[in-house]
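Read off the chains here:
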Amino acid sequence: MYTIVSPRVGTPGEEYTPAQGDHIDALLQGGFIIETSKPKAPKSDKVTPNKE
Amino acid sequence: MPTSTYLSNPDVSVNSVDLTDQCTSATFTHRFDQLEATSFGDTDRNFVKGLGNHEVTLTLYMSYAATETYATLAALVGTATNIVVKPSAAAASATNPTFTLTGGFLAELPVINATMGELSTVDITFTGGVFSVSAP
Chain A
1 MYTIVSPRVG
11 TPGEEYTPAQ
21 GDHIDALLQG
31 GFIIETSKPK
41 APKSDKVTPN
51 KE
Chain B
1 MPTSTYLSNP
11 DVSVNSVDLT
21 DQCTSATFTH
31 RFDQLEATSF
41 GDTDRNFVKG
51 LGNHEVTLTL
61 YMSYAATETY
71 ATLAALVGTA
81 TNIVVKPSAA
91 AASATNPTFT
101 LTGGFLAELP
111 VINATMGELS
121 TVDITFTGGV
131 FSVSAP
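Protein chains in written order, with the working numbering: chain A, 1 to 52; chain B, 1 to 136.
In case anyone wonders, no lab produced these hints; they're calculated from the structure.
One side of the interface only, derived from the structure: several residues of chain B facing chain A at Cβ under 10 Å: (1) ASN15; (2) LEU19; (3) ASP21; (4) GLU68; (5) ALA74; (6) LEU76; (7) ASN82; (8) THR102; (9) GLY103; (10) GLY129; (11) VAL130.
The C-beta atom is built at its ideal place from N, Cα and C for all residues, glycine as well.
Okay, chain B solo, but in the shape it has when bound:
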């Protein structure tokens, strides 16, 4: 049994808009391109770090009401903005680091994703931008 676990309950904001109450899934990936650096004489493959290629994927309940999901995202399609995710809503700390993607690009937004009898949700992905983590 693990000595410490984390019950998913992150704090999520997009373009400084708090969307925590509309969000059911958040994946923030800190990633770099992997460049092959293997050469003759090597007996194993070697890789070096390339460009940063970070990504944030969110699942949000869709709402067309004022200042809700659609109002937040509609004007962001085709642009870059900030996405901030913390493990919890508590103040940022060493055990609650703030992960920020500055300039994440939103290429597409499903404006309708409806299934009979279900609450509508949309999956969106921000790519690119600068990753940073702050833990005062």
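Isolated chain A, as found in the complex:
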């Protein structure tokens, strides 16, 4: 996942969705976007079976 940093690419803070043919490395190297990791889904609670 990429996030826009420069207003030349879009609205800063919004997710950058590459168009076909976009050169991602050049955008990263130029400081136009940054790579951000996807937010992790919260872990579900452990369920222990009742011993009856």
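Based on these hints, arrange chain B on the given structure of chain A.
Structure of chain B alone, referenced to chain A:
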């Protein structure tokens, strides 16, 4: 006097980076190789369409500041990317078509083009790639 004219003010982006404010000239040429198909018996030359051979030439003010001209182009030299040009910044429409070159190759970038007392500009040319036009 023409009934309709166009005052040059295109919207230009390279690799999804809006460079309109740095651009002073843009030429987008939709072109095909011209193959000779003339044969004996013909009295005039005939040609047929060959491979697409499109080209975009831009003149840009050079700036080495962050996220400006040099930062946009430096890593693109020797690679292919997208170039999008519209007649104006208005939304794409039948009267404001979006011209796209997908996979245009940038073979060279003048990293310095300086003349005393003048703002530095660079001319760059993207060649090859797939031409498309969209006018919703």
